[in-house]
Structures are given as structure tokens and as C-alpha cells.
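The chain contents come next:
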Amino acid sequence: MNKVYIALQDNDVSRYIVEAIEADNPDVKVQYQPAMIRIENDLQLTIKRETVEEKIGRDWDVQELHLSLITLGGNVDEDEDAFTLSWNQ
Amino acid sequence: MAAKKLNMKDKYKMLTRDLDWEFSYQDRKEAFPYEEYEGIKITDWSKWEDPFRLTMDAYWKYQAEKEKKLYAIFDAFAQNNGHLNISDPRYVNALKVFLGGVTPVEYQAYQGFAHVGRQFGGVGARVACQMQSIDELRHVQTQIHAMSHYNKFFDGLHNWNGMQDKVWYMSVPTSFFHDARSSGPFEFLLAISFSFEYVLTNLLFVPFMSGAAYNGDMATVTFGFSSQSDEARHMTLGLEVIKFLLEQHEDNVPIVQKWVDKWFWRGTRVLGIVSMMMDYMLPNKVMSWREAWEIYFEQAGGALFKDLARYGIKPPKYVDIATAQMDHMSHQTWWNFYNFGEAAGFHTWIPSDKELDWLSEKYPQTFDKYYRPRWELAKKMEAEGKRFYSKGLPQLCNTCQVAMINTEVDDPTMLVYRSTEYKGEKYHFCSDGCHDIFVDEPEKFVQSWLPVHQILQGNCGGADLETVMREYYGMDVGVDNLDMKGSPDELRWKEWKSA
Amino acid sequence: MSVEIKMATLEPVRHTFTQIAKRFGDKPASRYQEATYDIQAVTNFHYKPSWDPQHNLNDASRTAIQMADWYVLKDPRQFYYATYVASRARMQDNAENNYSFFEKRQLAERLSDEVKNKLIRLLVPLRHVEHTANLNNIYGVSVGFGTALTQALVYEGMDRLGIAQYLSRIGLILDGNTGTALEQAKQAWMEDSTWQRMRALCEELLVQKDWFEVLIAQDLVMDTLTADLYYRQFDCWLADQQAHDVTMLLEFMQEWQKDRDRWLDSTLKLVASESDSNRQQLLQWANHWSGKVAEALAPIAMELIDGDALSRSMDALATRLNKLGIK
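Protein chains in written order, with my numbering: chain A, 1 to 89; chain B, 1001 to 1499; chain C, 2001 to 2327.
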């Protein structure tokens, strides 16, 4: 199965983002490596603004993701409510 | 009246995509003259999908925040003599290779993306390229600033910019980017955004930077990951570009496939130096080059090419050969630099016994059989006071300009020699991939500025290598080069640590 | 004792990079210096560009202007990427406050129809001119020479995109985010006789080959005239019409103009004083393009302010050229 992935810097904001990812994508695999967190999933992975806001307790703009992002794999679809990575098959 | 809420896509369209217009007074082809000569057919630029819809105000805001964090770390690093916290002074040699090899190509990316950011007829693609251009300038400058402190305490970093267009092994990354920049705008984008950024740069920036963290180098890991946060945008541009070209016209498919094949191969040759940084130059290991290749090329690239199959795009030609070579690449490359350590601008060394064991474990098929015996011999000779250096310089491949150290897949004791004749001259290659690239564009590759030939022809300011290194390269001979053992770098480190 | 020894052994081996030390001596260098001087490659270009086989990839001979050393063109603001984005982040923060305030208080509703129409028909279309300026500056980045100058051009290129986006937002504020004002403005740009000479001029600028000539035509001539017309004279006109609120939306452009001119003036003075042939070339370009820009702006200035507005702006340009030594 094709895997999409995203890597985030290991910092405080990322911890909330990872929590949100785990809540919305129950099957994700999270790996902690030096200074970074790598998250992968089969075919699709979504980061929802609402869930991140719930975890972090403040307004959170999806574009803020760029402050913590290291790399990703998959087709990107970004709008004001969510950031999604996907492969078509 | 309350204003209607605009969604991100519509807002971006109105603020950016609608800025351009249909020309009435000049031929639009005169304003964007390079769009057709490569044979690519664009029927409708408005079909371009913007991967990220960053307007300039958001760009300034987020980038300034990234820079604020980054420079706070640089300041703290310098003020606290952060260089004393690294795992081992040998590690700094990876930074010398990085500043000499990577920073100048980031500069070329800055120039190349400005060129396509001016020349594409579609405003969406143009703006994405312009943002990448200024991002690349950011990477150049943050890399210089991160290294600035190291330069004050270690040798071999001081003349990175004077050496970028002259030193024999630097012509590998330099010619790679010259090749891309001298191509048409679509090939440039396919080469850099797709093949390089999307398929290959993760191999440098992700595991190597994680390794920098693991070796106590706070400055480098911070700029590395901070750069990568831009890179994620750049990679996505790469994927959008290839999808856009493939969707625009079926005639684009074979052209794109040819570029995918060419630039994948060019890219893997450039990565030789990264493989050696990962396996030999990081004293504390995160993962082997082979493992990085599996995660970031075989798995990630595999998923990508499966996704692109619906357009009729196949995985790159010679991908099986490249993958087979990954069991050899770092060992051959480091051995080559160990041999030619007199003519390198950084220090080389024999791996410690613990490191040799790690390499044996990570490369069970190849290391003990082909490479460990060489190091055991080198160790013996060094113990006898006979550290050897190969004299002169190695022959270089006419396409990728890497030394001819590549071996046959079915017999790793045999060097690959391929050649062809063009207009009465003979040209040599390290691989079938490089041979094919030359044969497809001979008029381009007969222009290759081969550093070793140039020295022999007297074009580098001297007949003997030492004069060339001193005068033309601007190396501090006897200080920047030679073995790590006994180097001023090593002596100073011992002094600092004993004080 | 041991503290002193530690201090002594931690003395740096060198204070900066070799190429920086060659210019300024081996002493601690500024971040601007290390990130700017001599970082662009100068020799051994492998392949001729397929899109310009007469030149090397990096080639100073793509313009008629000649400099013994392109790195004398220091940016007085000493902008490198980090200081550039920090400056613009602060400016955009102010602008964001202004724009939000204007939107939240629905200040657009207090504008007369005359003012609104003028904004839509005569100010908002300027975003297409800014888009042209974006391309013209990025052109200089792509084929210009020396990091000192090209980095300032990339900052300006991105600034111009930002300004085009702010002007577009003014349109959206006026039409309640429906986009109708932007459509009307675009229609004016495409069809209105007032704008056609300006549009023709923008198209003409985009087919010029000498990047320094483009810089003179766009950043010096066109910008001096439009800035005087819009951000000085029109600003006053708005105040006279009790439409002060709108000037909040133009603050970014006004502050930007000042910041940019500090760099541009310093650069052009240095280029003009480098040699007589540079000075004459700059003068010839300035004369050639000021005629064309004046022609293009005449109908706009007339409608925007009055029949004398353009000649006031032309005076401002003449004064500036004189000050720069382009005479």
C-alpha cells in the first residue's frame, strides 16, 4: 500500500499537531527521530484545523503548519480547514 | 452590508492569478519567448493548480518568524561556543563539503528559479517559482551564517565561494546545476523541482540533518530543518509541475519521461558525496545511506511513480542499477577521497574499528567482501607510518564529472568504462546512464569544463597540482587538506578539550 | 589561571571568510557582508544557456552598463533575507491592522460614489502595473550580475507582488469580497481609453532585453511618476474629499517607497558616477522612457487629479534625476 508521510520538527507546537493527526487518522505510524517526528499513513493523511485548535487551545491557521514542517510525500490539498496528503492508489 | 467570506482558493485567484492579462499591443511570445522551443505544449495555463496559496503578506509573516527563531539559535550557538559541543571534530568535515558543494548550488537555484519565475507565461507557476527563488537565496544566506562560526575555529571553510567554480570535485554539483540552468524552462523545472527536490533532496536534508542533531550541531540542524520547511513547498511545486505538464498534452509525456530518466541519473551521481557524508562523516550514526535510500527513494519514490503511472510515466531508466549501486556508492566515494586526500579541501581518515563494524553490519552483502579489506590494509600502512596518497587527480566522467570509480553491477571489482566518439573525439563515461545522456545531447556535453583536463592543459594557473591548489583554488595547502590525524583542526580540538 | 588559558585557546583562527577578508580585512564581518560579497560564481561555466547562447550563465555583459566591480552597489539598508523579511513582516503587520480596521468599521460605506468610482477605475488597475514591475525586477534577478544588486532586486520583485495584492484587496474591500470591483478595474485596464497607453507601455517594458534599461524605465522613471501622482497628489486629493480613511490603505506603499528609494538612489548614484559612458547611457534611457511614461500617464493624471498633475510629477522626476547625477 502506498504511504504518504509528513515530518515535523520536534517542538512544542508539533506535539499538538501530532496529537491532532493521531485523533483524526487512527492508523498513523509515528516515529520519533533525532530532532524530528515522522508520521506516515496508508494512502491519506489529514490535518484538521479544528482538531489542532482543540488540542492547542487557540486559533490555528493551517498555513502555520509551514513553521514546523520538514518534509512530506503525497499530493497536497490545502484549504482553510484542512491539510491533506494523498496518493490516488 | 457584511462582507462575504472568501475561501483561500478564491482569494488567491483574485489576488494573484487575475493580475496578468491578454496582450493587445505586443506579441505575448516576445514577452515570454522560451516556452515553445523544448517541444512542450501548454494549451491552458489557467489549469495550473497552485499547491500552496501563500500571498506575500503571509509569506513575510511566516518567513520572518522562521528567521527570528533561526537567528536566535545562531546567536546563542556563537555566544556559547557551540562548536565545542559537537560529537567529534571529524564531523566538521561534512560541513566543509556541505558549504562548498551545497550552498553554491542553492545560489544557482536562486538564479534558475528567478529565470523561470520571469519566463513562464502562467502567473500561478511564475509566482510559485519566484517564491522558490527568494527561498533559495534564504538557504544560501542561512547556510553561510550557520557556518560563519565554524569558519572561525576550523580550516577548510574559509574559501567556499572562491572554490565553487574551480575545484575538481566541486564540478560535480556545479555542472549539474549549470546543465539544468542552461536548459529550457520546463526542463529546468523538471530537473530541479521534480527530480532533485521531490525525488532526491530528502536524502540530504532529512537523514543528514537528523544526523547533525545527533552529533551535537545545533546550528546546522536548525538551518537544515528550517530550510526544509520551505523545501516542502518546493517539492510540492515539483509534483504539481509534472502533473500539469502531463495533463496539458499527451505529446509532453515522452519528453517528460526523457527528462525524468536523465535527471534521476544525474541526481544519483551527485548524491555520491552525500552517501559518503552519511556513512563516513557522521561520527554518531542515525541510519545508513542504504537505509535512507530505502525510505526516501524506494518507498517514497515508489509511491510517487505508482501514482504517476496513470499518466504513462514509468520509473526512471536504470533505477535498478542505481539501487544496486547504493551498496557500494559511499564506500567507493570515501575511498576515492581518502586516496586523493592531498588534493581535497577537507580532511579524510580511516574509520574507527567501531565504525568499520557498523559498516559491516549495515552493508552485509558488500562491505566485508569488497571494502573492509582495503581499510584494514590502510590501517596497517598507517600504523607503519606509511599513510599513502594517490598522486595527481583521477579521470572524470564527461557527463557527471564524478571520478571514474563506479563498478559493474555484476562484478564490483570491475570499473565501468563506457565511451563514445563524437566528431573525431573520444569521450569517457562512468556508466551507461551518463553515456546515454551524452549521446542524446552531445553538443551540450562536449562543452563540459573538466577540471582535470583543464589543469593538464595549463588553464588553472600552474603546471603542478600544489600550485593549482594554492594559487587557483585558494586552499591553504598543508592545512585544509591531508589526513585528519595531525591536522591543525585536530590539534586545536585537543587543546580546547584539555584546557 | 585556568580561566585565562581557556580564553586564550578559544581565540578564533580567522574572523571571516577569505573573500570577505580580501575586501574588508580579517576582522569580524557583518552578516550582510558574509551573505552578499562575491558569492555568485564568476568563471568556468560549463554549458552555454540554450535560451541565450551568446552569453555565459552568469554574464555581466547582458547590459550596456559597465562596472569595474558590481559589488560596490551596496544596499544601504543592508538587507539580507532575514532582515528583509523582518522589515516587511513589521510593515505588513501595520498594514493588516489598517485593512482590518477599515473592513471592521465598514469605512467603505462612508465613501462618496465619486471617490469609490475613482478608486475602482483609477487606483485598483494599478495592480497590473505592479505586476509588470514584479516581472521586470525578477528579470534583473535572473540575468543581472552580482549578489549586491540582484538580491535587492528579488526583494523588490516580491514587494511589488505584495503591493499588487494590497491594491487588489482595496478592490475587495470596496465590493464586499464579491470581486466585482476587481472585474470593473480589469475591464478599465483592458478597454478604457484612459488606461490603454499605460497598458501598451507595460507590454512594451516586458519585451525589453537590457535588464538595466528595464530597471531605469520601471523602478526609476515609471515609479517616480506614479508614486508622486498616486501616493502624494492623490493622497492629498483624498484628504480634500474627506476620504482620509482610504489613505490608511496606502500607508504600506508610501512607507515602502521611502525604503526602496533609499536603496535605488544610492545604487543609481554609484552607477552614474562610475563612468561617463554609464552616466550618458542612464541619461539616454531616462529621457527615452520619461517621454513614454509621461504620455501613458497623461490621461490618467488628468482624471485622477487635474490637468497640471502630470507636470508636477515631471518636476519631481527632473529633480530626482539631477540629484542622482543623471544629467
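Treat the hints with caution; some may be incorrect.
[Claimed, not checked] Simulated coverage check for chain B against chain C, where a stretch passes if three residues somewhere in it have a Cβ under 8 angstroms from a Cβ of chain C:
| no. | region |
| --- | --- |
| 1 | 1017-1025 |
| 2 | 1048-1059 |
| 3 | 1065-1077 |
| 4 | 1261-1274 |
| 5 | 1320-1331 |
| 6 | 1337-1350 |
These are calculated hints, taken from the structure and not from any lab test. Here the structure is a predicted model, which is why all the values come from computation and not from measurement. Note that the Cβ used here is the ideal one computed from N, Cα and C, for glycine as well.
Hint by hint, here is what the structure shows:
Interface restraint, the region 1017-1025 of chain B with chain C: holds (8 residues with C-beta to C-beta distance below 8 angstroms; minimum three). Counting residues of the region 1048-1059 of chain B whose C-beta sits closer than 8 angstroms to any C-beta of chain C gives 4, which meets the bar of three, so the coverage hint holds. Beta-carbon proximity to chain C at under 8 angstroms applies to 5 residues in the region 1065-1077 of chain B; the threshold of 3 is reached and the given coverage holds. As drawn, the region 1261-1274 of chain B meets chain C at 0 residues by the rule of a beta-carbon pair under 8 angstroms; below three, the given contact is violated.
Residue count for the region 1320-1331 of chain B with a Cβ under 8 angstroms from a Cβ of chain C: 0. That is fewer than the three needed, and the coverage hint is violated. With 0 residues having a Cβ less than 8 angstroms from any Cβ of chain C, the region 1337-1350 of chain B misses the three-residue criterion, and the hint is violated.
Hints 4, 5 and 6, counting from the list given before, are not met by this structure.
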